[in-house]
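S.K.: Model the full structure from these sequences, guided by the hints.
Using the UniProt record's numbering, the letters of the sequence shown correspond one by one to residues 1 to 285.
Careful, some of the hints might be misleading.
[Stated by the list, open to error] Dumping the calculated DSBU-like pairs for lysine-lysine here, alpha-carbon to alpha-carbon at most 35 Å:
#1 Lys133 with Lys265
#2 Lys216 with Lys25
#3 Lys271 with Lys180
#4 Lys10 with Lys78
#5 Lys51 with Lys209
#6 Lys25 with Lys209
#7 Lys209 with Lys30
#8 Lys209 with Lys257
#9 Lys257 with Lys239
#10 Lys209 with Lys185
#11 Lys51 with Lys231
#12 Lys257 with Lys220
#13 Lys25 with Lys257
#14 Lys276 with Lys10
#15 Lys180 with Lys220
#16 Lys209 with Lys238
#17 Lys51 with Lys238
#18 Lys238 with Lys227
#19 Lys228 with Lys209
#20 Lys133 with Lys220
#21 Lys51 with Lys133
#22 Lys227 with Lys216
Hints in this document: simulated from the structure, not taken from any laboratory.
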Amino acid sequence: MIHSMTGYGKTVLQLPTKKITIELKSLNSKNLDLNVRIPSYYREKELNIRKMLAAALVRGKIDFSIYIENNGGETSSKVNENVVKEYMGQLRNIVDSNEVELLKMAVRLPDALKTEREELDPEEWAQIETGIKNAILEISKYRSDEGAALYNDFVVRISNIERLLSEVIEMDPQRMEQVKERLSKGVEELAAKVDQNRFEQELIYYIEKLDITEEKVRLKNHLEYFKKSLKSDDSNGKKLGFITQEMGREINTIGSKSNFAEMQKLVVQMKDELEKIKEQNLNVL
1 MIHSMTGYGK TVLQLPTKKI TIELKSLNSK NLDLNVRIPS YYREKELNIR KMLAAALVRG
61 KIDFSIYIEN NGGETSSKVN ENVVKEYMGQ LRNIVDSNEV ELLKMAVRLP DALKTEREEL
121 DPEEWAQIET GIKNAILEIS KYRSDEGAAL YNDFVVRISN IERLLSEVIE MDPQRMEQVK
181 ERLSKGVEEL AAKVDQNRFE QELIYYIEKL DITEEKVRLK NHLEYFKKSL KSDDSNGKKL
241 GFITQEMGRE INTIGSKSNF AEMQKLVVQM KDELEKIKEQ NLNVL
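M.R.: Spelled out as structure tokens, the structure:
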């Protein structure tokens, strides 16, 4: 069954000192385009994250983010007491102010705060890894549901083209009769003597050029192959795209050969349905 490239997944982890939100967004793209935004102390795991996402999501423009909200239980920033006291001592020699005002000025100066690098906790990462897997499951479910909607739309569009093709097939004998009559009438209006055998040979040649039997058969086969591919176990938007290109080629050829207004109207309707399929297929994984 087909899957959409559009999707969304989210997991929220509540740890003792922080709240971690893992978010996945996906849009259509020709290839896999991964954008990963994570806190610096998770950078050593970025390659693992990318491998997980690539294996599960295959294709699309993927935005992955981890957001951290500290609960105030701990902080990685500490006051650098020695530096602040040194600043305050120097400021006393420059300005006449009380201790509170000197402290306010001192803490704004460089190196007043020191940030200790937070080390990655293996237990915390194990929970985050599970959260990432849950977010992937969510986005995969979203993609599957969107794919089901696309599938239903494709079935309707293909059925419409099949119906229009049936009308083309039913109309074809009438078209060919009119082509013959038009050619015969044109010769009569010329009021010229023609070699009947030569005329029949030319007529056969001209009618063969307008014959659309092969195009009708090929288009019918492409429609069947498209429906079969929709039901396959893998979701392959690129394959469906190739099939729609072949369908378009046959429809265009029928239109150029038809030389019959009523049939060309049907061709225009088939083209319209096919364009809607192509547009929707851009979202298929």
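S.K.: Each hint: holds or not?
M.R.: Evaluated hints:
1. A distance of roughly 51 Å separates the Cα atoms of Lys133 and Lys265; the hinted pair therefore is violated under the 35 Å criterion.
2. Taking the CA atoms of Lys216 and Lys25, the gap is about 42 Å. The hint is violated against a cut of 35 Å.
3. For the suggested pair Lys271 and Lys180, the alpha carbons sit about 27 Å apart, so the restraint of at most 35 Å is met.
4. Between Lys10 and Lys78 the CA atoms are separated by roughly 33 Å; this keeps the pair inside 35 Å, and the hint holds.
5. For the hint pairing Lys51 with Lys209, the CA-to-CA distance comes to about 55 Å; that exceeds 35 Å, so the pair is violated.
6. Between the alpha carbons of Lys25 and Lys209 the distance comes to roughly 52 Å, so the proposed pair goes past 35 Å and is violated.
7. A distance of roughly 38 Å separates the Cα atoms of Lys209 and Lys30; the hinted pair therefore is violated under the 35 Å criterion.
8. Distance check on the hinted pair: Lys209 and Lys257 sit about 8 Å apart at the alpha-carbon level, within 35 Å; holds.
9. With a C-alpha separation of about 28 Å, the suggested pair Lys257 and Lys239 falls inside the 35 Å cut-off, and the hint holds.
10. With a C-alpha separation of about 19 Å, the suggested pair Lys209 and Lys185 falls inside the 35 Å cut-off, and the hint holds.
11. Note on Lys51 and Lys231: the hinted pairing holds, with a Cα-Cα distance of about 28 Å set against a maximum of 35 Å.
12. Straight-line distance between C-alpha atoms of Lys257 and Lys220 comes to about 17 Å, which keeps the hinted pair within the 35 Å bound.
13. Between Lys25 and Lys257 the CA atoms are separated by roughly 47 Å; this puts the pair beyond 35 Å, and the hint is violated.
14. A C-alpha spacing of about 31 Å is found between Lys276 and Lys10, which places the hinted pair at or below 35 Å, so the restraint holds.
15. A hinted pair counts as satisfied when its Cα atoms are at most 35 Å apart, and Lys180 with Lys220 qualifies at roughly 26 Å.
16. Annotation: proposed proximity of Lys209 to Lys238 holds, straight-line Cα distance about 33 Å (limit 35 Å).
17. Straight-line distance between C-alpha atoms of Lys51 and Lys238 comes to about 22 Å, which keeps the hinted pair within the 35 Å bound.
18. This hinted pair checks out: Lys238 and Lys227 have alpha carbons roughly 15 Å apart, not beyond 35 Å.
19. Restraint check for Lys228 and Lys209: satisfied, since their Cα atoms lie roughly 32 Å apart, inside the 35 Å limit.
20. Taken as a hint, the Lys133 and Lys220 pair is broken in the structure, with Cα atoms around 43 Å apart against an allowance of 35 Å.
21. In summary, the hint linking Lys51 to Lys133 is supported, as the alpha carbons are separated by about 12 Å, within the 35 Å threshold.
22. Under the criterion of a C-alpha separation no larger than 35 Å, the hint pairing Lys227 with Lys216 is consistent with the structure, at around 17 Å.
Comparing the model with each earlier hint shows violations of hints 1, 2, 5, 6, 7, 13, 20; every other hint is respected.
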